[in-house]
Amino acid sequence: MAIYLFQIINGIGLGMIYFLIAVGLSITLGLLGFVNFAHGVFYLLGAYLTYQIAAATGSFLVAALVAPLAIGALAFVLERGVLRHTYDLPHKYQIIATLGVVLIVQELVVVGWGPLGHGVTVPEALSGIVMLGGFPYPIYRIFVVAVAALMAVGLWLLLERTRFGALVRAGSESAEMVTLLGTDVRLVMSGTLVLGAFIAAVAGVLIAPIRGAEPNMNIEALGIAFVVVIIGGMGSFTGSIIAGILIGVIQSVMSTVWAEGSQLMIYVAMTLILIAMPRGLMGRA
Amino acid sequence: MIMTNNTLRSFLLIAALVVALPFATTSNTLAATILIYGMAAMACNLLVGYAGLLSFCQGVFFGVGGYVAGIVLLDTGIGLIPALAIATVVSALVAGMIGAVSIRRTGIYFVMLTLAFSQMFYFLAYSQPDITGGDNGLNGVPRKPLDFFGLLRVDLDDNQVFYGLVAVAFLAVYWLLRRVIESPLGSTLIAIRENGTRAWAVGYDPRHYKVLAFVISGAITGFAGALDGLLLGIVPLSNIDLRMSEHIVIAAILGGAGSLFGSAVGAALLVFATDLLSEWWPRWQIILGVALILLVIFTPDGLTGIWQNLKARLGSRRKAGTPAPAGERMGVE
Amino acid sequence: MDCILTARGLGVRFGQFVANRGIDLEVRPNSIHALIGPNGAGKTTCFNALTGRLLPSEGAVSFCGRDITRMPMNRRAHIGMARCFQITSLFQGLTARENLRVAAQGMRPLKALNFWSGKERIREASEIADGLIERLSLQKLANRKVSELSHGRQRLLEVAMSLASRPKMLLLDEPTSGMGVDDIPMMRDLLRELSRDHTILYVEHNMHLVMSLSDRITVLYQGEVLVEGTPDQIRGDDRVRRVYLGERHHAKA
Chain D
1 MAIYLFQIIN
11 GIGLGMIYFL
21 IAVGLSITLG
31 LLGFVNFAHG
41 VFYLLGAYLT
51 YQIAAATGSF
61 LVAALVAPLA
71 IGALAFVLER
81 GVLRHTYDLP
91 HKYQIIATLG
101 VVLIVQELVV
111 VGWGPLGHGV
121 TVPEALSGIV
131 MLGGFPYPIY
141 RIFVVAVAAL
151 MAVGLWLLLE
161 RTRFGALVRA
171 GSESAEMVTL
181 LGTDVRLVMS
191 GTLVLGAFIA
201 AVAGVLIAPI
211 RGAEPNMNIE
221 ALGIAFVVVI
231 IGGMGSFTGS
241 IIAGILIGVI
251 QSVMSTVWAE
261 GSQLMIYVAM
271 TLILIAMPRG
281 LMGRA
Chain G
286 MIMTNNTLRS
296 FLLIAALVVA
306 LPFATTSNTL
316 AATILIYGMA
326 AMACNLLVGY
336 AGLLSFCQGV
346 FFGVGGYVAG
356 IVLLDTGIGL
366 IPALAIATVV
376 SALVAGMIGA
386 VSIRRTGIYF
396 VMLTLAFSQM
406 FYFLAYSQPD
416 ITGGDNGLNG
426 VPRKPLDFFG
436 LLRVDLDDNQ
446 VFYGLVAVAF
456 LAVYWLLRRV
466 IESPLGSTLI
476 AIRENGTRAW
486 AVGYDPRHYK
496 VLAFVISGAI
506 TGFAGALDGL
516 LLGIVPLSNI
526 DLRMSEHIVI
536 AAILGGAGSL
546 FGSAVGAALL
556 VFATDLLSEW
566 WPRWQIILGV
576 ALILLVIFTP
586 DGLTGIWQNL
596 KARLGSRRKA
606 GTPAPAGERM
616 GVE
Chain A
619 MDCILTARGL
629 GVRFGQFVAN
639 RGIDLEVRPN
649 SIHALIGPNG
659 AGKTTCFNAL
669 TGRLLPSEGA
679 VSFCGRDITR
689 MPMNRRAHIG
699 MARCFQITSL
709 FQGLTARENL
719 RVAAQGMRPL
729 KALNFWSGKE
739 RIREASEIAD
749 GLIERLSLQK
759 LANRKVSELS
769 HGRQRLLEVA
779 MSLASRPKML
789 LLDEPTSGMG
799 VDDIPMMRDL
809 LRELSRDHTI
819 LYVEHNMHLV
829 MSLSDRITVL
839 YQGEVLVEGT
849 PDQIRGDDRV
859 RRVYLGERHH
869 AKA
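Chains as they are written, first to last, in this note's numbering: chain D, 1 to 285; chain G, 286 to 618; chain A, 619 to 871.
Just so you know, the hints here were simulated from the structure itself, not pulled from any lab data. Keep in mind that a hint or two might mislead.
Below 20 Å or equal to it, Euclidean Cα-Cα: the simulated EDC-like pairs (lysine to aspartate or glutamate) are [what the hints assert, rightly or not]:
id	chain 1	residue 1	chain 2	residue 2
1	A	Lys-729	A	Glu-742
2	A	Lys-786	A	Glu-766
3	A	Lys-786	A	Glu-738
4	G	Lys-429	G	Asp-440
5	A	Lys-729	G	Asp-440
6	A	Lys-729	G	Asp-490
7	A	Lys-786	A	Asp-801
8	G	Lys-429	G	Asp-443
9	A	Lys-758	A	Glu-745
10	A	Lys-763	G	Asp-490
11	A	Lys-763	A	Asp-800
12	A	Lys-758	A	Asp-815
13	D	Lys-92	G	Asp-443
14	A	Lys-786	A	Asp-807
15	A	Lys-763	G	Asp-440
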């Protein structure tokens, strides 16, 4: 029994990370109008930069602060340099362009860090366990939940209470709406992409001490982000949180019961939910 | 009649290319690989280019075809042709199921859903090493001989003979897909792609046709995957992973979505480049990535676009003042 | 059998917003019935509910004695109701003829599952398409891509598309929308000719056209039926005049 509770806490932590990846993706989906396959690489680089910076400076904190900012900057360059030139093209070509970016980054990562993964040690201050109600819980996992929750709140405030957030929300319905509001769409696009990348990078930072950094993690992340968006509903914040946690818990619990099938169960759950609730968890397609 | 003159000419041209291919590549295995991926790319094009369904789960059908054929040939006494048939049918069924669920969504949701299914089947294959060999792949797939009801037996151990089989298969698939595109189904899919709402209004339920397109595409892709398993003697796990789906889509679009032969050419280039460049630089896909970005920005219609531009320029020099009939597609299709 | 389109207590709600409420409507066979009202009256919503594009929140719609309230758009085409769109909604990348052929083929959707024979093998569809091209004098444009046609011709093709299914009833959403003054008489004559064999329900803003063409007019205002009657009755009605007082100056030509 204890092991299941343990895994549920783990699962919530994992789920919050999945939520972050997904929400970073969904704010760009409506605005771009196509699926940015490159979203996964922000997560990937988040983990790798954490590894690199932590190894270089000996401080996880420095890595955690610098990595997302660096990746945000990279996203800005990506938007200006590549994506901007594709906005008038049909969606399939836009996706191909992002696939090109993914290929480049994935290979460069292998060039830089080799084909095998790298572990990242949990920072001293956050390692160890805390006893709650007689059960041991890893402090780092609780930290992850706390950070993700904080980011969720911060993001919610940004989206609901600031002008930029209003534009992003309008943009997630349609890019035309933003133009009608009299703003330069391109600024909003850049901003949204940078924000989305930043959030995904934070997710990468958080996962690094749990899973390490390895060259295929962007593909895994993309798949999971899609599942969260599909069953949580695209415009729904709450839906994404619920979906993310659900998936995280399923995966964590399954890893005790049937390790090889833990990833599979995520997708099986998605299929079952889709069949039972065609409009997703929140009742909105 | 089986084909119009134009189509017959195109078909013969392609047949000639197919015959010449193993000599051009000096490797029967490489030539067969090109045709196998060519079939997968053309089948993908039916969905992407004609039906407007950007499917990122073609690798599922490719892998399923390979695994099913491999398992049937390894574990049963069933002969080659029935094994291929079973693999094709199973892939078609899987495609029908995935298609039926995926088309409940459109646009970006559809894309995400197909990718999610791609991951699902990847993990399914990964988690059943007893059936699929897991990470190690399905090994020792026997290349049983072709057996026509005991009357005629063709041994396929010689790679040249096997290439002959693949070549015939490729031409048959090309012909079939041409027919599909020019059939009522094909024209309906194209109309649905152009305007789904209008299609509803004039009496179609677009979902039926989209699922049928999936079934046809899945069947052909599975068939190709089965041939791949026979060619290599192994069905690797990578045949069913997301990268495979991505590469198939890239091949289909590289040649020009909406041009059947174009996507086969796209596949040929991709396979050729992989073979050539991967020996020289293991990280050659960086070049591919850059090439894709440049292609999208500068010639999004892919190779077919370049080809059609060339033909237009040559054509206009010869017959100045004669407009091309609207809707007619130029060149080899 | 006399095929009448009836709506009883039709209502459409979007969340809290009530777009239509308690609409009763009866379109008599072979008549031309107009649905008008100032902007925001809910005409398009009502029209979409009648044609199956929207699900009504309350009330019932029936056609030829059958309840069609929840019937999807494609089935309505099969029972003889054909609709046109306000914003031209053709198969843009296809030729005019192919548009018509596909529309005609839609009456036999099972045959469209045929993935083997050439599409021209479905003779009936090809013949209907060719017939419509003749009837509407579109021969010169038949093999041009729709995207290359002028707006007026595209609107004409919109109507032609709905004829391809040999319907009993035509439902047209602002058929003259965006048309130039020169093209409108062409549309009016076409509609008048069509009314001999078909029942027509149409939404319009063009008052001149509505008054000269319609047998009956239903006026919507704020989602409900304000009044219904003949053009003379509507012309003389005080309520209609009041409701349109600002609108007449903004009526689309």
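Hint check:
Pair hint A/Lys-729 plus A/Glu-742 holds up; C-alpha atoms about 11 Å apart against a cutoff of 20 Å. The straight-line distance between the Cα atoms of A/Lys-786 and A/Glu-766 is roughly 31 Å, outside the 20 Å bound, and the hint therefore fails. A threshold of 20 Å between alpha carbons decides the hint, and for A/Lys-786 with A/Glu-738 the separation of about 26 Å lies outside it, so the pair is violated. At most 20 Å may separate the alpha-carbon atoms for a hinted pair to count; G/Lys-429 and G/Asp-440 meet this at roughly 7 Å.
The suggested pairing of A/Lys-729 with G/Asp-440 is violated, with an alpha-carbon distance near 42 Å, which exceeds 20 Å. As the CA atoms of A/Lys-729 and G/Asp-490 are separated by approximately 13 Å, the hinted pair is consistent with the 20 Å bound. Between A/Lys-786 and A/Asp-801 the alpha-carbon distance is near 25 Å, which puts this suggested pair outside the 20 Å criterion. Using a Cα cut-off of 20 Å, the hinted pair G/Lys-429 and G/Asp-443 holds, with the two alpha carbons roughly 12 Å apart.
Distance hint between A/Lys-758 and A/Glu-745 is fulfilled; the C-alpha atoms sit about 17 Å from each other, no more than 20 Å. Between A/Lys-763 and G/Asp-490 the CA atoms are separated by roughly 24 Å; this puts the pair beyond 20 Å, and the hint is violated. Taken as a hint, the A/Lys-763 and A/Asp-800 pair is broken in the structure, with Cα atoms around 23 Å apart against an allowance of 20 Å. For the hint pairing A/Lys-758 with A/Asp-815, the CA-to-CA distance comes to about 26 Å; that exceeds 20 Å, so the pair is violated.
Annotation: proposed proximity of D/Lys-92 to G/Asp-443 is violated, straight-line Cα distance about 40 Å (limit 20 Å). At roughly 19 Å between alpha-carbon atoms, A/Lys-786 and A/Asp-807 fall within 20 Å of each other, so this suggested pair holds. Pair hint A/Lys-763 plus G/Asp-440 does not hold up; C-alpha atoms about 52 Å apart against a cutoff of 20 Å.
Hint check: violations occur at hints 2, 3, 5, 7, 10, 11, 12, 13 and 15; the rest are consistent with the structure.
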